[in-house]
Amino acid sequence: MARLIRTEKEVEGRYEEVWLVVEEDSLDQWPAGPREIVGRDAVRVDGRERATGQAVYTADLAKPGMLHTAVLRSPHPRARVARIDLAPALAMPGVHAAIGPGDIEQLTSDCSFQGEAIAAVCADSLAHARTALRAIVCEFEVLEPLLDPDEAVRQGSLLGEARERSRGDYERGLAEADVVVEAEFRTQVVLHNSMETHQAVVEWMADGVEVHISTQYIWGIRDAVAQGLALPPDKVRIVCHYMGGGFGSKNSPDDYTFIAAELAKRTNRPVKCALTRREENTAAGNRNATIQRLTVGARSDGTLTALGGEFVNAVGWDGWSSGTEGPMQMLYACPNVKTTTYGAKLNLPPMKAFRAPGFVEGTFGLEALLDELATKLDLDPLELRRRNHTEATPEGNEYSGKNLLECYRRAEPHWERRHEVRARSTETVKRGVGMASQIWYGGGGPPSYAWIRVGSDGRATVVTAMQDSGTGTKTAMAQIAAEELGIPLEHVTVTLGDSDRGPYAAISAGSSTTPSMGPAVRAAAADARGQIEDIAEQRGLKGAPVHEVVDVLEDSQILGKGARGPNPTGMQVLTFGVQVAEVAVDIETGEVWVERIAAVHDVGRVINPLGASSQIEGGIIQGIGHTLSEERLHDPATGRLLTTTLDAYKLPTIADVPEIVSELIDEPDTHLTNLGSKGLGEPPIIPTAAAIANAIRDATGADVRRLPISREEMLRALREAETRQKEKVGAPAGV
Amino acid sequence: MQLTVNGHQYEVHGEVGTTLAEALREELSLTGTKIACGEGHCGACTVLVDDEPVLSCITLVHAVDGARVTTIEGLRDHPMIDAFVRSDALQCGFCTPGQIVSAVALVESEPAPTTEQIRHAMAGNLCRCGAYPKIEEAIRTWQG
Ligand code: FES
Ligand code: FES
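Line order of the protein sequences matches chains F and A. At position 210 of the first sequence the residue is numbered 210 (the working numbering), and the sequence of numbers has no breaks. If you count the second sequence from 1, you need to add 735 to reach the working numbering.
Some hints could be false.
[Claimed, not checked] Taking lysine to aspartate or glutamate and the DMTMM-like style, the derived pairs with C-alpha atoms no more than 20 Å apart in a straight line are:
| # | chain 1 | residue 1 | chain 2 | residue 2 |
| --- | --- | --- | --- | --- |
| 1 | F | Lys-650 | A | Glu-761 |
| 2 | F | Lys-650 | F | Glu-595 |
| 3 | F | Lys-63 | A | Glu-762 |
| 4 | F | Lys-728 | F | Asp-378 |
| 5 | F | Lys-376 | F | Glu-23 |
| 6 | F | Lys-63 | F | Glu-164 |
| 7 | F | Lys-726 | F | Glu-595 |
| 8 | F | Lys-63 | A | Glu-774 |
| 9 | F | Lys-561 | F | Glu-23 |
[Said to hold, decoys possible] Some chain F residues well away from chain A (every beta-carbon gap over 12 Å; in silico):
| # | residue |
| --- | --- |
| 10 | Asp-41 |
| 11 | Gln-54 |
| 12 | Ser-125 |
| 13 | Leu-147 |
| 14 | Arg-277 |
| 15 | Trp-320 |
| 16 | Leu-377 |
| 17 | Ala-526 |
| 18 | Glu-595 |
| 19 | Glu-663 |
Simulated from the structure, these hints should not be mistaken for laboratory data. Built from N, CA and C at the ideal position, the CB exists for glycine as well.
My request is simple: use the sequences and hints to build the entire structure.
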């Protein structure tokens, strides 16, 4: 029976209260371990289309008569447009329309960050649009930008209220500590750099609007576009069959979709608005910088007595203050925790979710701090973490499933390598091993739906309007349907990517696609299987393979439908893991190489081990970029961005990849849905930076405190460690 | 201008300043070649011009008049495609055509490349999804 409930919904660590209609999840989970198809390696069902270039991405779409757009964006972090004249652009060859401040909400004359959209031109070719854009006369009155996050907090320039979270008595916890460690950590701005930039093609139809867009959230775009254009949602069709990466940055329609919509309306043509790489790296979102002032207190046996932190998220002009304090609040059993988190509103481009927003940054701070503590206490870092492990949430709730201790156990052989790794150090190249734990959400939730049809040939088509952002969820859904129906994987087709062709499907963010969609697909397949069993009974074919049962059906079809059931009440659904990094540090030049990373994660049942290993590798490689090379820089005097090209912004290349060993616990979460699967998109990037920083400490004794760990930062940390050593040696006895 | 693309002769008219990538994608509708940066920094637009890998987004079509061009569409039957799919050497797939063209150029001259050679030849092809370990594996095992 359908049931209406009021529940908390979590996306990317943010909770909101929502009304939900949920259908009971009446299927029992499959037993643990690999099944016929689920739990076994499957190559991507759309791998060939993508590899051969047949897949049509939004970037490849060319509608007849389609016009191209160029957008004038503020070159200044803060400025007022004193005068603008679009007429010269309109007079240029090939130009069809131009819009400016006031024409739509997304174009402004009051610019609060570099990259904010001011005007746009559409023309019959991109070259014409770009040339015309340069003809726009635009004069600015440049204003003083606010760039310093601490200054913003002082001035009260905040996004939302400061977030205070505390449990126990932090001051008392500190007083009870035998050792207290304090440190300040800083993390940089990181750019998503999806290979396909943000873009949309919008066309007004006789009845409504059609939007092709590179997105992670078809249904969210549909709602936002309907609202923005004052249309009923049913008159808005959103299409995204293939997309070239998102990593959290493609959850909303943004300025380009509404610019294209307005220009399409004015010209009565389909209009494409695609960001250039430089626009992408200016105005399409980022992982914001953070400042973390952290304190830990512990007894001499390593038991944590107090954890405290002041976190400043340098959010930018817009966005949200993500849960940078989350790991400190959630990872360990510590009874006394107090955190304050500020979201600084600055004249810098807005942040967007980026693969585990807040937790990547917060885990770097917390887990590096814990290793500094371990060094002080002369305790094994892995042992320190075991001693502070918690079986229930620090608030006293149950976890739906938690195998972190098992992750630690399986990480041991990798951790044991440290003696041998250190021994390979030379006079100038020091080697070491470090580890860090991971905690994150990833349970997904309702609503999410799937339909399925089975023809008389015994083949099935799953229909659901979800998207595959490159994670391989399309393949996972095909595996689940094939497993439940008992038919070969090649006999299942998954149709997705179109809001007019299928029911509501979850966002592909927050590691939620598989845990949200998978149970709905299984329920739909089970519905169809039930009907097939009825037919089998009537035909005296009980237990026969599906194609034999349905072969007399001709044009009749078996139609199944399924819905995602609710999450377990009163339980926290979380993912866990640990990574062990091995590094080499050249102590003369400050260069750092990551030589090996071992990852053990607990995300419930694994649907496709091959795809899962790719997700883990991808997360770790992004994590290595975040740790060692990537940084969006701005000129501290003017606030102008300095790293908008892929030449200036250093992404990892194939030559930067270490040996990566990954392992999944693969135990179904018995409380979670008919699958017991959680998401894996985000967990692998979370502990990487901290594991590398801790390996550097193991190798050199130096405490790195800032990402990226550039040579400059590495040499600073080495000098500091040397000074500390000298003071220790030089200090009089007894001090 | 004359171009031989994947064995077929084409007459290409592009305005002065048109890049090879634009001519392929817009004039010939060969959209397998991707543009991810448009300024020579990522390798997504790699095609073969007279068997050499070039970045088509910074190659003017006028500069390759008369040349023989191979794009991903011309490599559909190349075993490297299967190797990429089998090894799961792609995630979102947007960088993949460029990766495969670069990989094919490598193995045409060096059928059994070492890890070192693979990394050297492929370092100009960025993959934000981080499919690198499996790209390396695909190239190591492309002969099946
Ligand atoms: S698109 Fe040509 S190098 Fe990036
Ligand atoms: S597979 Fe997504 S960028 Fe390479």
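task = Beyond 12 Å from every chain A Cβ: check whether that's true for Ser-125/F.
result = It is violated; Ser-125/F is separated from chain A by about 8 Å at its closest Cβ, not greater than 12 Å.
ask   = Between Lys-63/F and Glu-762/A, does the CA-CA distance stay at or below 20 Å?
value = Holds, because 13 Å separates the two Cα atoms, which is no more than 20 Å.
key: Cβ separation check - Leu-147/F to all of chain A, threshold 12 Å   = Leu-147/F is indeed farther than 12 Å from all Cβ atoms of chain A, at 27 Å.
inquiry  = Run the distance test for Lys-726/F versus Glu-595/F: straight-line Cα separation, threshold 20 Å.
reply    = violated, 30 Å
inquiry  = For a C-alpha distance cap of 20 Å, please report whether Lys-63/F and Glu-774/A respect it.
reply    = violated, 25 Å
inquiry  = According to the definition I'm using, a residue is off the interface if its beta carbon is farther than 12 Å from all beta carbons of the partner; does Glu-595/F meet that for chain A?
reply    = Given a closest Cβ separation of 14 Å, the condition holds.
ask   = Has the given pair, Lys-650/F with Glu-761/A, been kept, meaning a C-alpha gap of at most 20 Å?
value = Violated. Lys-650/F to Glu-761/A sits at ~30 Å, over the 20 Å cutoff.
request  = Take a quick look at whether Lys-63/F and Glu-164/F sit within 20 Å of each other, Cα to Cα.
outcome  = Between Lys-63/F and Glu-164/F the Cα gap is close to 51 Å, so the pair fails against 20 Å, i.e. violated.
task = Please confirm whether Asp-41/F is truly not at the interface, meaning its C-beta sits more than 12 Å away from all C-beta atoms of chain A.
result = violated, 8 Å
ask   = Just checking, Glu-663/F versus chain A, shortest CB gap more than 12 Å?
value = holds, 15 Å
task = Could you let me know if the closest chain A CB is still more than 12 Å away from the CB of Arg-277/F?
result = violated, 4 Å
key: Gln-54/F non-interfacial with respect to chain A [C-beta, more than 12 Å]   = violated, 7 Å
Hint check: violations occur at hints 1, 5, 6, 7, 8, 10, 11, 12 and 14; the rest are consistent with the structure.
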